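Heads up: the sequence shown is residues 1 to 347, going by the UniProt record's numbering.
Simulated from the structure, these hints should not be mistaken for laboratory data. Small disclaimer: the values here were computed from a predicted structure and weren't measured. We put the beta carbon where it would ideally sit given N, CA and C, even for glycine. Keep in mind that a hint or two might mislead.
[To be verified] List time: in silico SDA-like cross-link candidates among lysine to any residue, alpha-carbon distance up to 20 Å:
| hint | residue 1 | residue 2 |
| --- | --- | --- |
| 1 | K258 | P285 |
| 2 | K154 | D129 |
| 3 | K154 | A79 |
| 4 | K336 | G283 |
| 5 | K333 | N249 |
[To be verified] Using C-beta positions, here's what the derived DEER-type ranges look like:
| hint | residue 1 | residue 2 | range |
| --- | --- | --- | --- |
| 6 | S151 | G327 | 35 to 41 Å |
| 7 | R218 | T189 | 35 to 41 Å |
| 8 | E32 | M247 | 53 to 59 Å |
| 9 | G254 | E56 | 23 to 29 Å |
| 10 | T9 | D215 | 48 to 54 Å |
| 11 | P285 | T18 | 34 to 40 Å |
| 12 | A48 | A127 | 30 to 36 Å |
| 13 | I331 | S151 | 26 to 32 Å |
| 14 | R218 | T121 | 52 to 58 Å |
| 15 | E290 | V335 | 19 to 25 Å |
| 16 | A196 | P285 | 37 to 43 Å |
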Amino acid sequence: MQVAIIAITGNGARLGGTLQSGIPGSRLFVIEKHATAASQPFSEPVPALISRLWPEYGGFICIMATGIVVRCIAPLLQAKDRDPAVVVLDDAGKFAVSLLSGHLGGANALANTCASLTGCTPVVTTATDANDLPSFDLLAQENGWVIDDLSRVKVLNALLLEGDEIVVADATGRVRRYCAGRGNLTFVTDAEQAAASGAAGVVLVTNRTLPSAFDSQRALVLHPVDLHLGIGCNRGTAAEEIEAVVMANLDHLGLSIKSVKCLATARAKDDEEGLLAFAAKLGVPLLFFENEELNAVAAPSPPSAHAMAAIGARGVAEPAALLAAGGGTLILKKVKDGNVTLAIAEE
């Protein structure tokens, strides 16, 4: 995380220097009259400075009064999954207040880092932390899982705080290890058991969409990003056609687009505009494999005469998906739809 440290007093500049020395990737901004050789001087008003830096940094440590910071950042706030971490230190270095994006942005952790570097007291007010309860959004972040609907975190946190039962369907076992006995949680291995539990809330760790048996208002779905899509297509196939085939097959299998980790194809397609555009739209990598790599994979479907004639590979979709997944399991064998072939492998 790139961190901007902002100080407006002499004491603040000294504290900022200590923090900058201990936080990799940080940069210290100090009002001009107190600037040092290790800092970046500024003369503009603090609100203008923060507004300018806001898109560039994932974290802010503001050594000044909390009220100043609140007024500065209020017009800049967007959403809890997009706002940076903001920590406020007082000029005397007594407290480090986690002000914004405590979990997803990392402000709670940043406040604790400030405390370890300066000896100040960290002030963390998120309810789950204050009550020594698990944080599902932090759990998702630490495991690289995607939260299907961020608004459900608040609902499940409220149930945790009230002591209501929450059933957790998690075949990975990671939720149980993370929670370590905290909270009124019951653990099962699959969604069917969770649906039959009668618990007040549900947490599902799955690459699938939420089954209709669940009350979506009280269910939090955490998606592991573990699906690899192998795609072949005719030259000039539009991104819209590729997307339509992918979405139709994901929907048919009940798989979530949020669990897609990458697209994969043959090296001969590294300039295929439709594939490149679709990968960019999803925000996932597009991996390319050489013919020798594709041909070395024992794919279940018969070799494709069309692929061999066009690019010299016995197949594209299945071997590319399996290579991208590092082996894994082929959960969708090659299907052909119009100009597109698709296979899906799961890690």
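Cross-check of the supplied hints:
1. K258 to P285: Given pair K258, P285 holds - Cα atoms ~14 Å apart, limit 20 Å.
2. K154 to D129: holds, 14 Å
3. K154 to A79: Satisfied, since the Cα-Cα distance of roughly 14 Å is no more than 20 Å.
4. K336 to G283: violated, 24 Å
5. K333 to N249: holds, 11 Å
6. S151 to G327: 35 to 41 Å: 37 Å Cβ-Cβ, so the 35 to 41 Å window holds.
7. R218 to T189: 35 to 41 Å: Given about 20 Å between the Cβ atoms, the range is violated.
8. E32 to M247: 53 to 59 Å: holds, 55 Å
9. G254 to E56: 23 to 29 Å: Hint violated: Cβ distance 40 Å, outside 23 to 29 Å.
10. T9 to D215: 48 to 54 Å: Given range 48 to 54 Å: holds, Cβ gap about 52 Å.
11. P285 to T18: 34 to 40 Å: holds, 39 Å
12. A48 to A127: 30 to 36 Å: holds, 34 Å
13. I331 to S151: 26 to 32 Å: With a Cβ separation near 29 Å, I331 and S151 satisfy 26 to 32 Å, so the hint holds.
14. R218 to T121: 52 to 58 Å: violated, 36 Å
15. E290 to V335: 19 to 25 Å: holds, 24 Å
16. A196 to P285: 37 to 43 Å: At roughly 39 Å between Cβ atoms, P285 and A196 fall inside 37 to 43 Å, so the hint holds.
Figure legend: structure checked against the earlier numbered hints; hints not met, in rising order: 4, 7, 9, 14.
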